[in-house]
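So the sequences go chain by chain: Y, P and F.
Position 54 of the first sequence, counted from 1, bears residue number 54 in this note's numbering, the numbering being contiguous throughout.
Quick note, this note's numbering runs 182 ahead of the 1-based positions in the second sequence.
Quick note, this note's numbering runs 510 ahead of the 1-based positions in the third sequence.
These aren't lab readings, by the way, just hints derived from the structure by calculation.
Just so it is clear, the structure is predicted and the values come from calculations on it, not from any experiment.
The beta carbon of each residue, even a glycine, is placed where N, CA and C say it ideally should be.
Be careful, since some hints might not be right.
What the hints assert, rightly or not - Restraint ranges, calculated between C-beta atoms of paired labels, are given here:
#	chain 1	residue 1	chain 2	residue 2	range
1	P	VAL382	F	GLU637	48 to 56 Å
2	F	LEU690	P	GLN477	55 to 63 Å
3	F	TRP765	Y	SER36	38 to 46 Å
4	P	THR274	Y	SER36	40 to 48 Å
5	P	ALA280	Y	LEU18	45 to 53 Å
6	Y	LEU82	F	VAL836	52 to 60 Å
7	F	ARG721	Y	ILE3	28 to 36 Å
8	F	VAL923	P	ASN283	34 to 42 Å
9	F	ARG721	Y	ALA26	27 to 35 Å
10	F	THR514	Y	LEU147	56 to 64 Å
11	P	PRO481	F	VAL923	43 to 51 Å
Each chain, written out:
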Amino acid sequence: MIISVIAGLRRINRFIALLVGLALIACVALILIDISLRQLGISFGGSDEISGYVMAGIASWGVSYTLTELAHVRIDLIRVRLRPLGKAILDLIAIVALAGTAIVIAFEAWPVLQKTIAHHALANTSLATPLWIPQSIWFAGWVWFALSSSLLVLLTVVLMMKGDLRQADSLVGARTEMELEL
Amino acid sequence: AQAKDLSVVGSWSSLPLHKQFEVPFWTKDLPADSGGAINVKMTTFDQMGIKGSDVLRMLSDGVFDVGMTVSDYAVGDAPELQGLDVPLVATTAKQARAMVNAARPMVADIMKQRFNAKLLAIAPYPPQVVFCKGNINSLADLKGKKVRGSGRMTTDFLEALGATGVNISFSEVPGALQRGVIDCAVTGAGSGYSAGWYEVSDSLYPIPLGGWDPVITAMNMNTWKSLSPKTQNLITTKIKSQFENPAWNNAAGALKNNIACLTGNGNCSAGKPAHMKLVKVTQADLDKAHRILVQKVLPEWAKQTDKKWVARWNQTVGKTVGVQVPLN
Amino acid sequence: MIPTLTLSLLGLLALSIPVGIVLFLLGFGISHFYSFFPLVRALGQVVWSSSNSSTLIAIPFFVLLGEILVRGGIAARTYNALDKWFSWLPGGLIHANIGTATMFSATSGSSVATAATVATVALPQAEKLGYDPKLFSGAIAAGGTLGIMIPPSINLIVYGFLTQTSIPRLFLAGLLPGLLMAAAFIAVTVVLCTIKPSLGGSSRSFSWSERFASLIQLAPIFFLFMVVIGSIYAGWATPTESAAIGVVIALLIAWANGGVSLDMFNQSLTGTVRITSMIMLVIMGAYFLNFTLTSAGLGRELTHIITGLHLGKFGTLGVIILLYIVLGFFIETLSLMVATIPIIVPIITGLGFDKVWFGILLIVMIEMALITPPVGLNLYVVQGARKSGSMTDVMLGTIPFVLVMLAMVALLVAAPNLALYLPGHL
Ligand code: NA
Ligand code: NA
Numbered sequence: 001m002i003i004s005v006i007a008g009l010r011r012i013n014r015f016i017a018l019l020v021g022l023a024l025i026a027c028v029a030l031i032l033i034d035i036s037l038r039q040l041g042i043s044f045g046g047s048d049e050i051s052g053y054v055m056a057g058i059a060s061w062g063v064s065y066t067l068t069e070l071a072h073v074r075i076d077l078i079r080v081r082l083r084p085l086g087k088a089i090l091d092l093i094a095i096v097a098l099a100g101t102a103i104v105i106a107f108e109a110w111p112v113l114q115k116t117i118a119h120h121a122l123a124n125t126s127l128a129t130p131l132w133i134p135q136s137i138w139f140a141g142w143v144w145f146a147l148s149s150s151l152l153v154l155l156t157v158v159l160m161m162k163g164d165l166r167q168a169d170s171l172v173g174a175r176t177e178m179e180l181e182l
Numbered sequence: 183a184q185a186k187d188l189s190v191v192g193s194w195s196s197l198p199l200h201k202q203f204e205v206p207f208w209t210k211d212l213p214a215d216s217g218g219a220i221n222v223k224m225t226t227f228d229q230m231g232i233k234g235s236d237v238l239r240m241l242s243d244g245v246f247d248v249g250m251t252v253s254d255y256a257v258g259d260a261p262e263l264q265g266l267d268v269p270l271v272a273t274t275a276k277q278a279r280a281m282v283n284a285a286r287p288m289v290a291d292i293m294k295q296r297f298n299a300k301l302l303a304i305a306p307y308p309p310q311v312v313f314c315k316g317n318i319n320s321l322a323d324l325k326g327k328k329v330r331g332s333g334r335m336t337t338d339f340l341e342a343l344g345a346t347g348v349n350i351s352f353s354e355v356p357g358a359l360q361r362g363v364i365d366c367a368v369t370g371a372g373s374g375y376s377a378g379w380y381e382v383s384d385s386l387y388p389i390p391l392g393g394w395d396p397v398i399t400a401m402n403m404n405t406w407k408s409l410s411p412k413t414q415n416l417i418t419t420k421i422k423s424q425f426e427n428p429a430w431n432n433a434a435g436a437l438k439n440n441i442a443c444l445t446g447n448g449n450c451s452a453g454k455p456a457h458m459k460l461v462k463v464t465q466a467d468l469d470k471a472h473r474i475l476v477q478k479v480l481p482e483w484a485k486q487t488d489k490k491w492v493a494r495w496n497q498t499v500g501k502t503v504g505v506q507v508p509l510n
Numbered sequence: 511m512i513p514t515l516t517l518s519l520l521g522l523l524a525l526s527i528p529v530g531i532v533l534f535l536l537g538f539g540i541s542h543f544y545s546f547f548p549l550v551r552a553l554g555q556v557v558w559s560s561s562n563s564s565t566l567i568a569i570p571f572f573v574l575l576g577e578i579l580v581r582g583g584i585a586a587r588t589y590n591a592l593d594k595w596f597s598w599l600p601g602g603l604i605h606a607n608i609g610t611a612t613m614f615s616a617t618s619g620s621s622v623a624t625a626a627t628v629a630t631v632a633l634p635q636a637e638k639l640g641y642d643p644k645l646f647s648g649a650i651a652a653g654g655t656l657g658i659m660i661p662p663s664i665n666l667i668v669y670g671f672l673t674q675t676s677i678p679r680l681f682l683a684g685l686l687p688g689l690l691m692a693a694a695f696i697a698v699t700v701v702l703c704t705i706k707p708s709l710g711g712s713s714r715s716f717s718w719s720e721r722f723a724s725l726i727q728l729a730p731i732f733f734l735f736m737v738v739i740g741s742i743y744a745g746w747a748t749p750t751e752s753a754a755i756g757v758v759i760a761l762l763i764a765w766a767n768g769g770v771s772l773d774m775f776n777q778s779l780t781g782t783v784r785i786t787s788m789i790m791l792v793i794m795g796a797y798f799l800n801f802t803l804t805s806a807g808l809g810r811e812l813t814h815i816i817t818g819l820h821l822g823k824f825g826t827l828g829v830i831i832l833l834y835i836v837l838g839f840f841i842e843t844l845s846l847m848v849a850t851i852p853i854i855v856p857i858i859t860g861l862g863f864d865k866v867w868f869g870i871l872l873i874v875m876i877e878m879a880l881i882t883p884p885v886g887l888n889l890y891v892v893q894g895a896r897k898s899g900s901m902t903d904v905m906l907g908t909i910p911f912v913l914v915m916l917a918m919v920a921l922l923v924a925a926p927n928l929a930l931y932l933p934g935h936l
């Protein structure tokens, strides 16, 4: 049961990461079109503004994938010298700190969107983008990060209570950049 | 009474308005005149790493007590605020000041309604003029050119002229002019001089195509209400006499000096004068600019803005500068 | 306040809490204990404004470009070609490590990615040919740091973004010092391996025809560098746009090499999202920390301490350099940059130093921070790629290269034109 929840969460985040990656590719295409049109003396503009929104979306939606891939950079100088139980305790502290922060960010991201909606805020550009569109996508990403990380806290606690430290390590342990790469 | 600690966030830390006027007023004059009733901690939005457009939002949340930002940065949250900085309707510091004074009651209401803030002062940046590579003789010569400018009204105006607005950050402008990514760029004459734009451009067209970028100073309304009437009175009178008036009085001279530095006509006190060509602004060009404003730019603004603000603009600023936005 | 903050920072990092989260937590702490105002209320706005940036999107573009090159097999071919050209020198393959790192630096914006790329292709060779692991892996860790000095460079983009400095000028300024450092790495390796030949492997010699035949393998990287950097200076593209062009060219090169498949594309995209989000969490955390530090007045406090020493122009510069070397031992580099630049650079320009020049000087110190323990990301990357041995090997192996970096700092102070010549003349 726990294992299938973990696998499900990983699969969802991998799928999200792929969507985010495709948005990045769309942004590449948009920029190339913009450059080409500019060479022809036609102004499209706006690729600059849109790539900013895409960047905000990558950051807010990508962090959950990075989390379930154990890729947020951690300094594990002390951790690597500990026994499995010590490691598990540090991992629990880390994931609780992360989930707590994620919840605060999601909570504080809402007033940003809320003000935008209340003011009908438009970007001060010729596109005059209604800012609620990019900000809703951005806000939802942080909410998902808060949910994903809270779920990980829950699963880790359950696994630790069952004494399954190995499974807990594969869920919220630390990986070096290279272990992930290969 | 207990001393009040004010946390104050100024505008761009590198520009003269901050160094010459904001810092002395908030950190020296006001605390001294208050006789110890007011303590000030001051920083600027760029030093805090936040955008100018965040200042009023954070001010309304009570993140700090006093905030300063360019009015044009806040128009995303308050489209009616664009009426404070319509480009090309005021060509001298005197006209700009009259325009700002006419708009003041309206801006005070916008601050109160949108940002829960008390308007304290409106001070000018130098007018945002045009630097071009190559020869420019009139407004019509901007047609077909790629122009770095920001803000919706300026971009709309450029498009109506047949020019292309390009968004490039200030630090990239010299390279972009040199490599031909853009043909012209808009900024304050003083900033353009100190950033060495004269090395990569030839003509200086001294029309405020980017407006005057007035800087709003506002206080969080809860902080304002917590002050005694005596302190409130002290702040409003002192900010007028020791910050706003000196800043405006300096503006006209500063523009003349900056133009002298860029073109070599007259006395440059800032350093070695450059030799850009000074383009003469003709009445025909100003008339043409007004036509574009009334026919294209201002109606666009009116579409995005509540009619009551536009009507109020017509009665105040519009009357002062002699421009009326069609209301239908 | 400063001692408490430093201790909290080190303590939270030692608990192995993710670095980005540590920065947010410190910000919450400052907001709660040192500020009269609820600075946390600004958190959402700070996170939105720092990530809504068309300058920073160059980061995922450059990461993607690197992912495509590695997964498309370009990295391995480059390494083999450089092996043929450089392995006759005392030190053998170690020079191919440095050479490959230099080549990849010219297309990669990140030092960690450059080190990871070279480690992937080089380490299997070292074990096969019986190299002393210290100098061999140290050269990869140190060579990789060139990724942020030789353009393009994510760190220079962040520096330009924070200090309003022209990014193309910064890129040009990094080129000569970066190449000079690569040459110095090779020279120091030759000297060490001549004195003590057991440090390197056996020198290997290839025929000239083999060498020239291998040149074609270097062409794709060279072409990519010309397009990415060339499009900026030809006036076609901004740095962000040039990175987007680079992605397309890299895809075409990998495709021409038969290295593109749906799976490879998929892996490159998700890998890019993973690495970018890791970097962005750190950047956003550092932004929030800087926001709270400035609001609580610590920025002013530090400025007063540094300028209050009255050490004169070069004395103050010396203190700042020392500060970065010490902080560089303990703090992850991007967060170090974002949190200190708003405080330090105004002091530097106030002293009359050039912003572009200081950007390059700072990058050398950041490169050093990447390979000094206990917190040096490149050490971890290289150690992670090794199948056996301890981290101490890699640390010892980087010492000669750290000395080269210190010499480079001195050289840049003595001869600023090393950095400023190209931006002044192109
Ligand atoms: Na590079
Ligand atoms: Na370090």
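Checklist entry - Does the Cβ distance between F/THR514 and Y/LEU147 fall inside 56 to 64 Å? => result violated (33 Å)
Checklist entry - F/TRP765 and Y/SER36, beta-carbon distance inside 38 to 46 Å? => result violated (20 Å)
Next on the checklist: Taking the Cβ atom of P/VAL382 and the Cβ atom of F/GLU637, is their distance within the range 48 to 56 Å?
Outcome noted: Holds, at about 55 Å.
Item to check | Supplied distance hint 52 to 60 Å, evaluated on CB atoms of Y/LEU82 and F/VAL836 | outcome: Taking Cβ atoms as reference, Y/LEU82 and F/VAL836 lie about 27 Å apart, which means the hint is violated.
Checklist entry - In this structure, is the beta-carbon distance linking P/PRO481 and F/VAL923 contained in 43 to 51 Å? => result violated (58 Å)
Checklist entry - Is it true that the C-beta distance of P/THR274 to Y/SER36 lies inside 40 to 48 Å, as the hint says? => result With Cβ atoms ~43 Å apart, the hint holds.
Next on the checklist: I want to verify a distance hint. Is the separation of the beta carbons of F/ARG721 and Y/ALA26 within 27 to 35 Å?
Outcome noted: The hinted range 27 to 35 Å is violated for F/ARG721 and Y/ALA26, with Cβ atoms some 43 Å apart.
Item to check | CB-CB spacing for P/GLN477 and F/LEU690 relative to the 55 to 63 Å hint | outcome: Once the Cβ atoms are compared, 59 Å apart, the range 55 to 63 Å for P/GLN477 and F/LEU690 holds.
Item to check | CB-CB spacing for Y/ILE3 and F/ARG721 relative to the 28 to 36 Å hint | outcome: Given about 54 Å between the Cβ atoms, the range is violated.
Item to check | Cβ separation of F/VAL923 and P/ASN283, checked against the hinted range 34 to 42 Å | outcome: violated (52 Å)
Checklist entry - Falls inside 45 to 53 Å, the C-beta gap from P/ALA280 to Y/LEU18? => result violated (58 Å)
Hints 3, 5, 6, 7, 8, 9, 10 and 11, counting from the list given before, are not met by this structure.
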